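Protein sequence lines, in the order shown, are assigned to chains A, B and C. Each residue of the first sequence is one higher than the one before, starting from 961 at the first, in our numbering. Each residue of the second sequence is one higher than the one before, starting from 1298 at the first, in our numbering. Each residue of the third sequence is one higher than the one before, starting from 88 at the first, in our numbering.
No lab work stands behind these hints: they were computed from the structure. Each hint should be verified, as a subset may be incorrect.
Selected chain B positions facing chain A (in silico; Cβ < 8 Å) [to be verified]:
#1 Gln1339
#2 Gln1345
#3 Ile1347
#4 Ile1385
#5 Ala1418
#6 Ile1431
#7 Ala1432
#8 Tyr1445
#9 Ile1447
#10 Val1455
#11 Gly1458
#12 Ser1468
#13 Leu1546
#14 Gly1557
#15 Asp1572
Simulated restraints on C-beta separations [stated by the list, open to error]:
#16 A/Glu1159 with C/Asp211: 52 to 62 Å
#17 C/Asp211 with B/Tyr1325: 29 to 39 Å
#18 C/Asp330 with B/Gly1399: 36 to 46 Å
#19 B/Val1588 with C/Asp265: 39 to 49 Å
#20 B/Gly1414 with C/Asn332: 25 to 35 Å
#21 B/Arg1415 with A/Arg1204: 24 to 34 Å
Computed from a predicted model, the values in this text were never measured in an experiment. Just so it is clear, CB atoms sit at the ideal spot from N, CA and C, and this is done for glycine as well.
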Amino acid sequence: MSGEMPSERSGRHSEERAQPPAEQARNRARPEHTSGEMPSERSGRHSEERAQPPAEQARNRARPEPTSRLRIGLTLRIVAVLAVMGIAIFPLYWMFVTALSSDADLFASDARLLPDFSQFGVFVDALAEGETVRWLRNSLVIATGTTALSIVLGIPLGYALSRFSFRGKALMTVVLLLTQMLPEALMVVPLFSLFNRFELLDSLVGLILANAAFVLPIAALILKGAIDGIPRELEEAGRVDGARPFTMLTRINVPLIAPSIAAAAVIAFFHAWNEYVFAVTFIYSPEMQPASVGIASFIGEVGTPVQTVMAVAFMFTLPAVGFYLFAQKYVVAGMTAGAVKG
Amino acid sequence: MTVIEQTRAPRSEARRRRSPLGSRWTPYLFLAPAALFIALFQAVPLAQEIFLSFTHTSLLNPTSNTWVGLENYAHIFSDDEFHRTLTITLVYVVVCVVGSVGAGLGVALILNRSFRGRGIARALVTVPWAAPGIAVALIATWMLNPQYGIVNRFLNAVGLGVPGGAILDSSTYALPAILVTTTWQLFPLTSVVLLSALQAVPKDLTEAATMDGAGRWWTFQAVTWQVIKPTVGLLALLMTIWSLRRFELIWLMTKGGPVGSTETLVIDLYAQAFDSKQLGTAAAIGMVGVVISLIVIAGSRFVARAAEKENIR
Amino acid sequence: MRTPRVRRVTVAAAAVGLAAVVSTGCGSDSESGGGESEGGVTTLAFAASTFGDPGRGPQLQEWIDEFNASQDEIRVEAASVPYPTFGQTVLTQMGGGEGPDLVRFDMPEFEAASDAGLIAPLDDLIDVSQYELLEQPDQFMVHDGVRHGIIFEASNYAMFYNADLIPEPPTTYEEFFDTAQSLTSGDIFGLAFRQTEAEEAGVWQDIFNYVYGFGGAWSDGENLTINAPENLEGLQAYKDLYDANVIPRGADAATFRRMFAEGKVAMELNNGGYATHLRAESPELNFDAAPIPFPVRSQGSILAPIVINEASSAKEEAATFIRWALEPENQVKLQEILGASSVATATERSSESLQDMPYLTTFDDLTESSLPQVVLGFEAQTPDIRKIVVQNVIAALQGQVDLETALDNAQEQATDLVG
Chain A
961 MSGEMPSERS
971 GRHSEERAQP
981 PAEQARNRAR
991 PEHTSGEMPS
1001 ERSGRHSEER
1011 AQPPAEQARN
1021 RARPEPTSRL
1031 RIGLTLRIVA
1041 VLAVMGIAIF
1051 PLYWMFVTAL
1061 SSDADLFASD
1071 ARLLPDFSQF
1081 GVFVDALAEG
1091 ETVRWLRNSL
1101 VIATGTTALS
1111 IVLGIPLGYA
1121 LSRFSFRGKA
1131 LMTVVLLLTQ
1141 MLPEALMVVP
1151 LFSLFNRFEL
1161 LDSLVGLILA
1171 NAAFVLPIAA
1181 LILKGAIDGI
1191 PRELEEAGRV
1201 DGARPFTMLT
1211 RINVPLIAPS
1221 IAAAAVIAFF
1231 HAWNEYVFAV
1241 TFIYSPEMQP
1251 ASVGIASFIG
1261 EVGTPVQTVM
1271 AVAFMFTLPA
1281 VGFYLFAQKY
1291 VVAGMTAGAV
1301 KG
Chain B
1298 MTVIEQTRAP
1308 RSEARRRRSP
1318 LGSRWTPYLF
1328 LAPAALFIAL
1338 FQAVPLAQEI
1348 FLSFTHTSLL
1358 NPTSNTWVGL
1368 ENYAHIFSDD
1378 EFHRTLTITL
1388 VYVVVCVVGS
1398 VGAGLGVALI
1408 LNRSFRGRGI
1418 ARALVTVPWA
1428 APGIAVALIA
1438 TWMLNPQYGI
1448 VNRFLNAVGL
1458 GVPGGAILDS
1468 STYALPAILV
1478 TTTWQLFPLT
1488 SVVLLSALQA
1498 VPKDLTEAAT
1508 MDGAGRWWTF
1518 QAVTWQVIKP
1528 TVGLLALLMT
1538 IWSLRRFELI
1548 WLMTKGGPVG
1558 STETLVIDLY
1568 AQAFDSKQLG
1578 TAAAIGMVGV
1588 VISLIVIAGS
1598 RFVARAAEKE
1608 NIR
Chain C
88 MRTPRVRRVT
98 VAAAAVGLAA
108 VVSTGCGSDS
118 ESGGGESEGG
128 VTTLAFAAST
138 FGDPGRGPQL
148 QEWIDEFNAS
158 QDEIRVEAAS
168 VPYPTFGQTV
178 LTQMGGGEGP
188 DLVRFDMPEF
198 EAASDAGLIA
208 PLDDLIDVSQ
218 YELLEQPDQF
228 MVHDGVRHGI
238 IFEASNYAMF
248 YNADLIPEPP
258 TTYEEFFDTA
268 QSLTSGDIFG
278 LAFRQTEAEE
288 AGVWQDIFNY
298 VYGFGGAWSD
308 GENLTINAPE
318 NLEGLQAYKD
328 LYDANVIPRG
338 ADAATFRRMF
348 AEGKVAMELN
358 NGGYATHLRA
368 ESPELNFDAA
378 PIPFPVRSQG
388 SILAPIVINE
398 ASSAKEEAAT
408 FIRWALEPEN
418 QVKLQEILGA
428 SSVATATERS
438 SESLQDMPYL
448 TTFDDLTESS
458 LPQVVLGFEA
468 QTPDIRKIVV
478 QNVIAALQGQ
488 VDLETALDNA
498 QEQATDLVG
């Protein structure tokens, strides 16, 4: 096995033929909107603009004098967009409304569709408890640590898989994919005894290591795909200047694959932010509990305070969404450049 | 300006003749840290699990193992309930993959047009993916609550209510409800990826096709689909593998019930390991899952190769 | 060919990650479990699912704080392990030779853990002859002459009812059924019980009352009797109520208990611990309790032992905490927190609390006829038998098999299991 995922070769042809290789690379690494992070900003912009015209034409063509058929199409599209957005957002909105419902509203025979802001105290109380803040802080440490570790180890691995041929490469690729199918529930017992031996139980470091072990492979595959898209001649140049492979990786490749790094980071962050099975088993000090476990601990034997749970769940969701929105412009680009080529 | 811009052209003729960068040990230096890490935290535990799958081992005393050969495997395969579990897993995975890729593609096509507020729409649509699984399970369970859930209220209002509002509590509707929830959580990821894949579709080609009076469907399958096909393939593979191991959502919503109607491989594995405390049986179930995933990967490669050959011809 | 901003961001991210790793690493060194001492103070982790209860959790925390304030050598910290995975989590940790020092178990997990040798024998650590332990519940703490636990809470099952909706509580099953049926209308349900697989342990607790209340038993001490005719009769009564739609089907306990508090559920069979919870959460609610009106006065009780983890490195300190808990004034305080439950020793109810909560005597009177929800003679296998029984009963509720067949299947599977 070559380690190549279903390649993009077929699809990209028409676009690529028209452009010189270096431009290809840049476009491939960042097909979406980009910011000024790229090495040769000006030329990058250029090529993008050059690629744009057809889209612009399309936009212009859609505008002038809508016939009635077009107007129906437009209405349908607006309805579709609103429906999709509604479906995407509604459960979170409902989480918010539920958190801000009085007991009477919660168990009334008619649903209250709007939040009752007089109940806002539930958020204040949850935050004042101190626990919630601690949970979120622990989750943040775990997620950040996992992300950093996966990226730091994933970049060289992706680079090795992309740029070198070596014995065991095919096996390595299969192993990386294989790890993606091992459920946490299967690994929790052996990892427990392993962590016990290394005294990594009941520590956030242990969780970071365990989570990174699950995320690192997919991060490496994404980054490998991204590096595949960078023409080798860029490195050749550096090589002639006497740069060593590691320097070339950090100076040349890393900046170019920034979008894919962001994509891998988001996947790593989400995984670690959400992880429950390891966290609940490996942690027994309350100070170390992350938010995923903290929320579950509201589900009581005698009763579950629905509003508080929803309030905390909502606060637990916001940072992940925020992180995503922050990284989004890179992610979209990185996903095509990297994940897609896997 | 950059070094590269200046040096690229003159050096490029030298490129193919050069052996891979650095000495032959260089690749190993790059991959060693990650490989050691994965070996320690994935391969070692996996090897232990493979061993456990041939033993009787109790969760309460995991270090004392009795070797039983293939007994665990014989046991699970002779169990009718395990066959049901396999069927449910198959249904779950297929529907999740088709549902999330299908919905993702639909949404991507909608959002690929330009309209005012597209940026906001694209951002909002990704929210379900970012929502933590536990939070999703909690809100989904509450929304599906038989007495007070908004879903039942809505279904009753439009005349589609189920008797007693039993959804998660019904062996008929529990699996569909979980499938909808899973798809809801997955479609943003697929739509984001497909949306960016769609950027590679040459607009002039679709435009030309439309101008020539070709139907939308024809344009889609002749132009768009050809470009995004590899992406769809990869997404399908990832969704398959990830669906095979999805746990929290199902466990928190139904624990595999009622009457095993939502029991996938991973749920069965978890129940065996932690409720029945049979680590050996659980490990054997896990190995079945691993083999299934390997078959899926091998299959996907086979399909990819075939498709490539097709293209070359 | 360099992009300072990217590099700076990368370096910053790496630094943050590293800092996170380092700082948590330091934290973990000083705080990892297993009763490690630091500056002469031994910190013990005490795991109990009840710490998360909105009603009792904070009060239990205060009670523990009193212990921490009473001396300066031992510090007990409440580890609130989430209830949905409490057994799995703690047993995995203990099986791996780790975990909290002190655990408040429920009976089935207690039996499994003590059978596997995961619980420290207490005979040399605590001299129980000093205390007036309640005999009926305490007998289940001793296995083959070895003491493995001390009762933390013992709570009998009774019938809670909304006194505004039900002036006179039913006294027979027929009245019970009729009351439930007549009160069910609109969004009000006459009764509520657990009937979903997601609440396996809860279903087991609930059906226990129907089985024993109709004269049945899960075993005769030597053989399983899951499909005995009395059991069938009791579970048929349970299923009849389910079929009659007098309960909020599909609702989990957390939901239907809120419904009870809101006056939307009229009756519920529950244990005494619920009384405190209700009073804390819904002070306005006018509820009362009466014995379960089934033919035989025999019902379940929640026995929750406190145990010391065999793997703990601070058993003596853990025992010090238990000895403190057993002191009369601390037992009284615990009793007040737990409400209608009883504690390890006989405590006198104060006249104020009796006036305040007249139903306390109802619960106390049931102690002699209450049994822990384990399968006698097969205590350690209770969790496995529970799973089999609950799954088969739910299959019957779902209409996939008739109840008699379901119980026959359960009997067969469970007999296979126990060998």
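The hints, checked one at a time:
1. Gln1339: 5 Å, holds
2. Gln1345: Because about 4 Å separates B/Gln1345 from the closest Cβ in chain A, which is inside the 8 Å limit, the hint holds.
3. Ile1347: At 10 Å from the nearest chain A Cβ, B/Ile1347 fails the 8 Å test, so the hint is violated.
4. Ile1385: This hint is violated: B/Ile1385 lies away from chain A, its Cβ roughly 16 Å from the closest one there, beyond 8 Å.
5. Ala1418: 6 Å, holds
6. Ile1431: At 5 Å from the nearest chain A Cβ, B/Ile1431 passes the 8 Å test, so the hint holds.
7. Ala1432: 4 Å, holds
8. Tyr1445: 6 Å, holds
9. Ile1447: This interface hint holds because 6 Å falls under the 8 Å limit.
10. Val1455: 14 Å, violated
11. Gly1458: 14 Å, violated
12. Ser1468: 23 Å, violated
13. Leu1546: 10 Å, violated
14. Gly1557: Violated, because the Cβ-Cβ distance from B/Gly1557 to chain A comes to roughly 17 Å (cut-off 8 Å).
15. Asp1572: 11 Å, violated
16. A/Glu1159 with C/Asp211: 52 to 62 Å: Violated, since A/Glu1159 and C/Asp211 (Cβ atoms, about 29 Å apart) do not stay within the stated range.
17. C/Asp211 with B/Tyr1325: 29 to 39 Å: 56 Å, violated
18. C/Asp330 with B/Gly1399: 36 to 46 Å: 40 Å, holds
19. B/Val1588 with C/Asp265: 39 to 49 Å: For C/Asp265 against B/Val1588, whose Cβ atoms are near 57 Å apart, the range 39 to 49 Å is violated.
20. B/Gly1414 with C/Asn332: 25 to 35 Å: 47 Å, violated
21. B/Arg1415 with A/Arg1204: 24 to 34 Å: Violated, since B/Arg1415 and A/Arg1204 (Cβ atoms, about 45 Å apart) do not stay within the stated range.
Hint check: violations occur at hints 3, 4, 10, 11, 12, 13, 14, 15, 16, 17, 19, 20 and 21; the rest are consistent with the structure.
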